[in-house]
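My request is simple: use the sequences and hints to build the entire structure.
2 protein chains.
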Amino acid sequence: MNDCDFKSRVDFVSDEILEMIIDGGFQVGDKLPNELEIAKDLNVGRSTVREAIKKLESQNILVIKQGAGTFISDKKGLMDDPMGFRFFRDKNKLVRDIIEVRMMIEPTIAEMAALNSDREDIEQIKYFCKKVEEDILKNRSHTKNDILFHTAIAKSSKNKVISNLIPIINKSIEMSIDITDNKLVSTTIECHKEILEAISEHNPIAAKDAMTLHIIYNRKYISEKLSKIE
Amino acid sequence: MNDCDFKSRVDFVSDEILEMIIDGGFQVGDKLPNELEIAKDLNVGRSTVREAIKKLESQNILVIKQGAGTFISDKKGLMDDPMGFRFFRDKNKLVRDIIEVRMMIEPTIAEMAALNSDREDIEQIKYFCKKVEEDILKNRSHTKNDILFHTAIAKSSKNKVISNLIPIINKSIEMSIDITDNKLVSTTIECHKEILEAISEHNPIAAKDAMTLHIIYNRKYISEKLSKIE
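Just so you know, the protein sequences line up as chains A and B, in that order.
Mapping of the first sequence onto UniProt numbering: residues 1 to 230, in sequence order.
Mapping of the second sequence onto UniProt numbering: residues 1 to 230, in sequence order.
These are calculated hints, taken from the structure and not from any lab test.
Take every hint as true, because none was put in to throw you off.
Chain copies aren't distinguished; within one or between two, either way the pair holds.
Below, a list of computed lysine to aspartate or glutamate pairs in the DMTMM-like style, where the Cα atoms sit at most 20 angstroms apart:
hint	residue 1	residue 2
1	K158	D90
2	K155	D80
3	K160	D80
4	K144	D81
5	K171	E19
6	K160	D90
And the structure:
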């Protein structure tokens with residue numbers, strides 16, 4: 001068997017395992033049958049199964065825990081950088097393009113959150129809203145809690161595809177805070193509170209407006225800042 | 001050295017290679033230095049480098065061509081299924097959620113295409129518009145050319161983050177054509193022509209309206225169809 005044959009067998013086996021996971025009702029954290037069983041089932045060698053499992057691990061579908069076995073990853077196949085942001089060389093173009101996309105999606109996300117959030121969702125949003133304010137008042141970095149605030153809103157939309165767009169919002173927040181150099185902090189606190197209030201009151205129009213304003217302030221400041229550099 | 005050490009060394013080496021690709025100005029199709037050179041540079045064993053390269057191949061960052069060497073993949077680290085659509089068990093919820101997200105992004109994409117497209121972009125959009133019509137009139141599947149039509153529009157927006165959202169649009173088109181069972185074909189031809197015309201005339205409002213209409217027709221039909229099944 002040459003290298004090419006081996007590679008296509010690995011691809012075949014990883015596809016089979018993936019199908020088994022999806023159709024077999026495996027949940028996050030469930031343990032995969034061991035290498036030997038899979039090898040027998042699919043009538044292939046153990047080394048092929050081992051390679052296939054490694055491939056699915058690099059794709060964040062499985063996680064191998066030494067000595068314990070192989071498990072379904074909680075990342076559900078979502079890559080750490082699904083949009084390939086690492087590959088953007090022009091970071092100023094990235095920050096502009098990404099906030100443009102954020103403007104397309106996040107006001108509607110806030111609107112959907114106002115319509116679909118339950119009590120628990122609102123508690124989460126409130127919690128991170130408070131955390132961001134605390135961070136800012138104590139002069140700590142608020143990036144992490146800011147991301148969690150927006151993530152809680154996105155999850156409240158109850159649209160599962162949106163959950164997978166969260167990395168876009170996160171990257172935008174990270175780059176925006178970096179560029180605006182903490183100049184927008186008091187506006188951020190105000191905007192966050194308005195968004196929270198509108199979602200809590202299940203007012204979709206107010207939620208959309210508040211989120212739109214929040215992004216406009218960021219975009220305006222970023223534009224001004226970048227036009228000075230360029 | 002135990003398995004854990006090996007794994008963290010592989011992670012270290014794959015991060016180093018990735019950094020080398022990004023900072024070293026490597027372009028799609030460029031050849032990576034060979035295993036031995038990388039092993040020497042990073043002071044690690046060849047087997048570690050080999051594993052790291054395999055990992056980057058499963059992440060669509062590198063492509064290994066047997067006998068020729070290792071090259072920068074044209075997929076730029078974008079996975080075949082970056083949104084993890086394979087993992088959605090409820091396909092009816094997926095088709096609804098995905099068209100909701102498409103409605104958030106694609107009208108604005110059409111607007112941006114009307115503003116930013118050049119002559120070559122418009123030629124591409126026109127070409128695939130014609131191809132879809134031919135497919136439909138000859139009773140062939142138009143899924144592939146329909147996807148290429150919408151992809152050409154997304155690329156004309158000149159927003160690089162949008163290019164990475166194309167898999168959402170593609171999946172939506174694929175599932176919509178499947179569900180609407182070719183019932184919307186004449187409307188599709190009309191809508192596509194209107195979108196093309198507006199973009200060709202660099203009329204952003206008309207382009208946005210035409211795309212919005214196109215998605216509304218799809219969503220309406222899909223809703224009706226799903227409500228009968230459920």
